[in-house]
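*Asks:* Protein chains in written order, with this note's numbering: chain D, 19 to 423; chain B, -7 to 100.
Hint data in this document are derived by calculation from the structure and do not stem from the laboratory.
Predicted model only: the values in this text are computed from it and were never measured.
We put the beta carbon where it would ideally sit given N, CA and C, even for glycine.
Careful: at least some of the hints might be erroneous.
Per the computed footprint, the stretches of chain B lying under chain D, defined by three or more beta-carbons under 8 Å from a beta-carbon of chain D, are [claimed, not checked]: (1) 2 to 16; (2) 60 to 67; (3) 70 to 82.
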Amino acid sequence: MIKDYFILALRNIKSRGIRSVLTMLGVFIGIAAVVSLISLGQGLQEAITGQFSTLSADRLLIQNSGTGFGPPGSTSVSKLTDHDFKIIEGVSGVDRAIKRTLRIGKIEYNKVARFEFIGSLPEEQEDIDYMYDTFEMKLDSGKLISASDSGSVILGNDFLTDNRYDKDIRVGTVLDIQGKKFRVQGILKKMSSFQFNSAIFMSEKDMKDLFNIKDEIDFIVVQVDDKDNLDRIAKDIAEKLRRDRHLDKGEEDFSVETPVQALGAVNTILNIINIIVVGIAAISLLVGGIGITNTFFTSVLERTKEIGTMKAVGAKNKDILIIFLIESALLGFVGGIIGVILGLGLAFTVAGIANSAFGDTILAVQVSYPLIFSALIFSSVIGIIAGLIPAFQASKLKPVEALRR
Amino acid sequence: MSVCTIRENSYEDFESTLTRLNVDGRSRNMYLRHERAHFEKAKELGYTPQYVAKLIVDNPSIIILAAVDFIGREPTPSDMVKICLAPRRPSKEDLELAVKNGWKRSKR
């Protein structure tokens, strides 16, 4: 019996041809919007979280912050130094502190000159291992740099893949960095942080020699002994540095960041964007639902005689109601399927364009099966709700009156 | 999130590096003009200045500190005052450093 209802409903939808498609338009636009935007939104969230992957809940980042126009010689006053490093190391709860310097240097290879990021590796082998481990720096080829290595560098994965010097760079290649020769000792595997993928790493000593860095640290990564104490330790570090620099609160020329808080703020913004997007899509679905209701009201009027005939040969109110509800649910369901396909297609297209523009796989589409399943259920329910009143009206038609019209 | 420091010995190199690092044109020109005044004055007084900038490298990159530094000999207090006050509109920090080096603000 139910099978007959479905066959009849499908035949009716098919016979209305273009009108059925137009009725579904609102539903599938709404579903496509929801699916594409949420899939991209989740991908965007993953991409942003990936950029924070070098930071975790038990780490702090201390860096120098400037004041815009520094007075002459100000860089020798406001930078982070070994003295600051010792103060930070001495704060209770600091388990480990690692100095990092970062510069932009001129690289020449194959007669192509470019400016690239150069990051230092810590001085102590234990700290180097910690950095490799926590930042998940894995080798694609070659060997990682150890504390005793000099004159060699490891490269981010982009050097291997994007042919930026018009010639392959491999392990053993010699690069001219700021006028000095460095041998490529290893190339890293692709990492989630694009900053790592496009950076060059060398030992702290090589970095200091190359850039003539005397006593300057760009940022200090601090690992705390207990992540529950993170805020307290951040406050203590800020307080001690302020006291040492004779600064009042609010006058800081440094910053102590808890990256997870920053990530939390980003996630909040993304969630708000998601809510707005879903709100817009809900309006589209509402319009789609009204479209289904409208089509079915027209359909009840057009099919009055058909309904009368069905009732005359024994169809009950319940049967007519079910046939109309199945039809409207099917319209919603099929609209949902088309919407899901269109939505995913759109999301993959946008991600493809974004990735080719940035030259990286920064934005990935997250296909969520619960989302697809929910979207299909939702579109079917929209169809049923939209068809409820016309179906009820159709079921209440009296056979004699229906046949007389 | 990446902060990097650049040091350049000439205006041309400083300008070219800031351009390559995608610093917004308006803010780049503002910093270039201001720091060039310090730089030229320091050179005129016989020092070896160097352009220094700290940036958050992004798209566009943001300058968080620009200054001139001195290689070798540090300026005497009176020369430091002249270097600090070289730009047409010295910054608050320039004026503070000039005062520290003995400059007295004239009262209007």
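*Asks:* Which of the numbered hints above does this structure break?
*Replies:* Result: no hint breaks.
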